[in-house]
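Given next are the chains, with one letter for each unit.
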Amino acid sequence: MIHAAGFFPYGIVGGSTNLEEANAHLQAWACSHSRSALARALEGKLDFLDGLIIPHTCDTMRMLLDLWEHVRPLPYMENYRLPRQANRSSAGKYLLGELKRIKTGLEEFRGAPIEDEALRDSIDLYNQNRRMLRRLTDLHISYPHLISSRRLYTVINASMVLPREEVNRLLQALVGQLEQDLDGQAGDGHVRLLLSGTLLEPFEVLDYIEEFGGTVVADDFQNGYRYIEGDVNTELAPLEALVDRQLKRIPSAAFDIEQNPRRFFLTGLAKGKKAEGAILLHLTFCEPENFDSYDNLKAMQAEGIPATRIETQFGGSGLGQIRTRIHAFMEMLGGESR
Amino acid sequence: MSAKNVFKTAELMKKIMKDYNEAGRAAKEGGRPVAWVTAVFPVEIIYAAGLFPYYPENFGAVAAARKVTHELSTAAEAKGYAGDLCGYARSGIGDAYSEEHPVGKILEPDLLFCCNTQCGSLPKWFEVAGRFYNSPYFLLDSPRVGLETDRLCIDYFIDQLHEMITFIEKQTGEPFDYDHLTEVLHLSNEACRLWNEILDSAALRPAPFGFFDACFHMAPIVTMRGTREAVDYYRALKEEIEERIEKGITAIPEERHKIYFDHIPCWPKLRWFSELFASQGALVVASQYTHSWAYSFDLERPLESLAENYTHEFVNRCFEYRVNRKISFMKKYDVDGFVLFSNRSCKPNAFGLYAKSKLIREKTGLPGAVFEADMADLRLFSEDQVLAKLEPFFEQLH
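Protein sequences appear in the order of chains Z and F.
Counting from 1, one number per residue, gives the positions in the first sequence under the numbering used here.
Counting from 1001, one number per residue, gives the positions in the second sequence under the numbering used here.
What the hints contain is simulated information worked out from the structure, not anything from laboratory work.
Fair warning: this is a prediction, and the values are worked out from it, not measured in the lab.
Note that CB positions come from ideal geometry on N, CA and C, so glycine has one too.
It is possible that some hints are incorrect.
If you anchor each label on the Cβ, the simulated ranges turn out as follows [to be verified]:
#1 Z:Lys-298 / F:Glu-1169: 32 to 40 Å
#2 F:Glu-1100 / Z:Glu-204: 41 to 49 Å
#3 F:Glu-1362 / Z:Pro-55: 29 to 37 Å
#4 F:Asp-1177 / Z:Asp-138: 54 to 62 Å
#5 Z:Lys-273 / F:Gly-1080: 23 to 31 Å
Here are the simulated EDC-like pairs of lysine to aspartate or glutamate, each with C-alpha atoms no more than 20 Å apart in a straight line [as the list claims (entries may be wrong)]:
#6 Z:Lys-100 / F:Asp-1155
#7 F:Lys-1238 / F:Asp-1177
#8 F:Lys-1238 / F:Glu-1011
#9 Z:Lys-100 / Z:Glu-311
#10 F:Lys-1015 / F:Glu-1240
#11 F:Lys-1079 / Z:Glu-303
#12 F:Lys-1358 / Z:Glu-69
#13 Z:Lys-45 / Z:Glu-20
#14 F:Lys-1067 / F:Glu-1275
#15 F:Lys-1008 / F:Glu-1246
#16 F:Lys-1358 / Z:Glu-21
#17 Z:Lys-93 / F:Glu-1163
#18 Z:Lys-103 / Z:Glu-240
#19 F:Lys-1363 / Z:Glu-69
#20 Z:Lys-93 / Z:Glu-240
#21 Z:Lys-298 / F:Glu-1077
#22 Z:Lys-93 / F:Glu-1304
#23 Z:Lys-93 / F:Glu-1077
#24 F:Lys-1332 / F:Glu-1313
#25 F:Lys-1105 / F:Asp-1019
#26 F:Lys-1008 / F:Glu-1229
#27 F:Lys-1067 / F:Glu-1099
#28 Z:Lys-100 / F:Glu-1148
#29 F:Lys-1358 / Z:Glu-20
#30 F:Lys-1008 / F:Glu-1239
#31 F:Lys-1105 / F:Asp-1200
#32 Z:Lys-103 / F:Glu-1148
#33 F:Lys-1079 / Z:Asp-295
#34 Z:Lys-93 / F:Glu-1308
#35 Z:Lys-100 / F:Asp-1159
#36 F:Lys-1079 / Z:Glu-20
#37 Z:Lys-93 / F:Asp-1159
#38 F:Lys-1358 / F:Glu-1372
Input sequences plus hints: build the corresponding full structure.
This is the structure we're talking about:
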């Protein structure tokens, strides 16, 4: 919808930055994702933005927009109030209303309506993007020596901040080249891992995994598989199609579905991708994760999938310690002997 | 409220809360479904459906007031529930896993109902509990509301109330009694009206009743609004306050200043705070927290009215609305300063508080302070740190 309005969608994730100014506004016990994103804004590093939409995924995100608006206002600021339940008919009806509200706001800011035709074109562009990123992911899983975990996730994250048309052109070339290169190549003996968490951070984790003989074959990060799974149904009217996709997203800790289906999704994913172990990257102070991680670990254990939990922070993760933990875990899985 | 200054009604409070807890246990034994609910939830529907509403948050507050949150929490933390989660949630989850029950065992749910106007912690806690106790769970979703009346949210809430009533009918096997709902709403209106008249008495100079008294007397408005008992209780309390006004009995010995306080009190330190403020001649007179239960339902349009009241509760509103509301309380009670509690257990109230404090100082010219602590867990409380924030504040009052 943002793209169809003629704006440039730019995905903000936290980062390594000076938190001094943010400390005056957001308590140290807020997650490092929110703190470092706000810090980047306070330092003026996000002044190129004309607007900001923050989805309601947790209490921190719910409060962040208002605070941001107060300390560093942008011309257009909006909350995306996702429904917290997805399995009753009221959710779809409400979400359609919420998307219409946001569409109207974008149209007012833009000064012109967003035409259905433009919305369909944008949906196609993003569907293509996700399809190509999924193809790239498949290539990585089968041939990790051709495209490493680090490179795969770097490409996914780049697509969150680069013009999508350009990303798709580059992806087409990359996928084409890799498909040529893989002729006659066989997969190798990396230890196959599932990673799970809110956000993939720090990326050095991927280097350590490969250093000790592993590769990532599945994940559910917002800046990973969660970002590229599932297409928008082009048979439906555009807004209805966006609602349909949102309500069918893979299970998340941020949404309240009583049986925590994410734990079964994760064990199913691990089995489907033949993962030999799982690392839960737990963003410190991430409340939805805090409530679910015990269940998720227990579900892994019940399915006989070795799993470990590692706490991470944007800009503040102790890399040495993380490397040691991954080394030990990989040793247990027999990574270095392969 | 000093020890010498205890309300007669306190005895009645102990009795009705004891009766309420016994009724819960009797319901459990007698096959009347026990329904867990959250504090800002249309409990009127639960009462009208003949279910027994139980408030795990109240359990959390009692554990906190008895200074045992950290003991219960240890059992939750041992399972991997992080120590930075809401203290009430850690108490509840801890009690589920613990062999020890220092405040008695939490009343196990047959059904769980949660409204997320207050926060995202409650739904997650209830989800965990629903799985632990293997009981069905229903979430009433309330998207955040801005400055204006939000029709989209109200309509969504009404749709969900219908879904919830169908869910209850399926669980109980009985059709929902809308006539009974009207009676319950009438009683709820009465209790809310009396409660708010009681809170208003804090505006008198000197006042017979303040925020710390309200914290003591609030359990029935939270847990029993919609019942005759709550109406009778607040009628008795109101009479006692009127009697105190006649006799000139005041909340603190020498009231020189009135203070606004947000939000939830620090339960294990309630007396410490109340004595600290009293020692400065300062009476805490109002808080958004105790003023939460100020509903007014239109009996002609019960579901619409429930949706309007509960979705537009202050805890679900935007930054600007909340700042305006705080300032309007400060004006109404003519306060001399404000103290804001950055509560580790309550992210929606704590995040943004420093910016709010600055804005309120600019808009009102009043002195103010923000302190860091936890409403429940004494491990996250330091007297020295709180005093370091409050002592300079008290100096500004003189």
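Results for each hint:
For Z:Lys-298 paired with F:Glu-1169, a C-beta distance near 34 Å keeps the hint of 32 to 40 Å intact. A hinted range of 41 to 49 Å for the beta carbons of F:Glu-1100 and Z:Glu-204 is consistent with their spacing of about 43 Å. Between F:Glu-1362 and Z:Pro-55 the Cβ separation comes to about 31 Å, which falls inside the hinted range of 29 to 37 Å. Against the hinted window of 54 to 62 Å, the Cβ-Cβ separation of F:Asp-1177 and Z:Asp-138 comes to about 57 Å, which satisfies the hint.
Look at Z:Lys-273 against F:Gly-1080: about 25 Å separates their beta carbons, and that is inside 23 to 31 Å. For the hint linking Z:Lys-100 to F:Asp-1155, the alpha-carbon distance of about 15 Å falls within 20 Å, and the restraint holds. A C-alpha spacing of about 32 Å is found between F:Lys-1238 and F:Asp-1177, which places the hinted pair above 20 Å, so the restraint is violated. A hinted pair counts as satisfied when its Cα atoms are at most 20 Å apart, and F:Lys-1238 with F:Glu-1011 qualifies at roughly 15 Å.
Restraint check: the Cα-Cα separation between Z:Lys-100 and Z:Glu-311 comes to about 38 Å, which exceeds 20 Å; the hinted pair is violated. At roughly 17 Å between alpha-carbon atoms, F:Lys-1015 and F:Glu-1240 fall within 20 Å of each other, so this suggested pair holds. For a cut-off of 20 Å, the pair hint linking F:Lys-1079 to Z:Glu-303 stands: about 18 Å separates their Cα positions. About 15 Å separates the Cα atoms of F:Lys-1358 and Z:Glu-69, which keeps this hinted pair within 20 Å; it holds.
Restraint check for Z:Lys-45 and Z:Glu-20: the C-alpha separation of about 15 Å stays at or below 20 Å, so the hint holds. Between the alpha carbons of F:Lys-1067 and F:Glu-1275 the distance comes to roughly 18 Å, so the proposed pair stays at or under 20 Å and holds. Between the alpha carbons of F:Lys-1008 and F:Glu-1246 the distance comes to roughly 16 Å, so the proposed pair stays at or under 20 Å and holds. For the proposed pair F:Lys-1358 and Z:Glu-21, the alpha carbon gap of about 15 Å is at most 20 Å, so the pair holds.
Restraint check: the Cα-Cα separation between Z:Lys-93 and F:Glu-1163 comes to about 13 Å, which is no more than 20 Å; the hinted pair holds. Using a Cα cut-off of 20 Å, the hinted pair Z:Lys-103 and Z:Glu-240 holds, with the two alpha carbons roughly 13 Å apart. For the suggested pair F:Lys-1363 and Z:Glu-69, the alpha carbons sit about 18 Å apart, so the restraint of at most 20 Å is met. A hinted pair counts as satisfied when its Cα atoms are at most 20 Å apart, and Z:Lys-93 with Z:Glu-240 qualifies at roughly 9 Å.
Distance check on the hinted pair: Z:Lys-298 and F:Glu-1077 sit about 15 Å apart at the alpha-carbon level, within 20 Å; holds. Restraint check: the Cα-Cα separation between Z:Lys-93 and F:Glu-1304 comes to about 17 Å, which is no more than 20 Å; the hinted pair holds. At roughly 39 Å between alpha-carbon atoms, Z:Lys-93 and F:Glu-1077 are farther apart than 20 Å, so this suggested pair is violated. Only pairs whose Cα atoms come within 20 Å are accepted, and F:Lys-1332 paired with F:Glu-1313 is accepted, the gap being roughly 19 Å.
Between F:Lys-1105 and F:Asp-1019 the alpha-carbon distance is near 16 Å, which keeps this suggested pair within the 20 Å criterion. Only pairs whose Cα atoms come within 20 Å are accepted, and F:Lys-1008 paired with F:Glu-1229 is accepted, the gap being roughly 17 Å. Taking the CA atoms of F:Lys-1067 and F:Glu-1099, the gap is about 18 Å. The hint holds against a cut of 20 Å. Restraint check: the Cα-Cα separation between Z:Lys-100 and F:Glu-1148 comes to about 18 Å, which is no more than 20 Å; the hinted pair holds.
Distance check on the hinted pair: F:Lys-1358 and Z:Glu-20 sit about 18 Å apart at the alpha-carbon level, within 20 Å; holds. In summary, the hint linking F:Lys-1008 to F:Glu-1239 is supported, as the alpha carbons are separated by about 11 Å, within the 20 Å threshold. Distance hint between F:Lys-1105 and F:Asp-1200 is unfulfilled; the C-alpha atoms sit about 36 Å from each other, more than 20 Å. About 19 Å separates the Cα atoms of Z:Lys-103 and F:Glu-1148, which keeps this hinted pair within 20 Å; it holds.
The straight-line distance between the Cα atoms of F:Lys-1079 and Z:Asp-295 is roughly 9 Å, inside the 20 Å bound, and the hint therefore holds. A threshold of 20 Å between alpha carbons decides the hint, and for Z:Lys-93 with F:Glu-1308 the separation of about 18 Å falls inside it, so the pair holds. Straight-line distance between C-alpha atoms of Z:Lys-100 and F:Asp-1159 comes to about 18 Å, which keeps the hinted pair within the 20 Å bound. As the CA atoms of F:Lys-1079 and Z:Glu-20 are separated by approximately 34 Å, the hinted pair breaks the 20 Å bound.
At most 20 Å may separate the alpha-carbon atoms for a hinted pair to count; Z:Lys-93 and F:Asp-1159 meet this at roughly 9 Å. Note on F:Lys-1358 and F:Glu-1372: the hinted pairing holds, with a Cα-Cα distance of about 16 Å set against a maximum of 20 Å.
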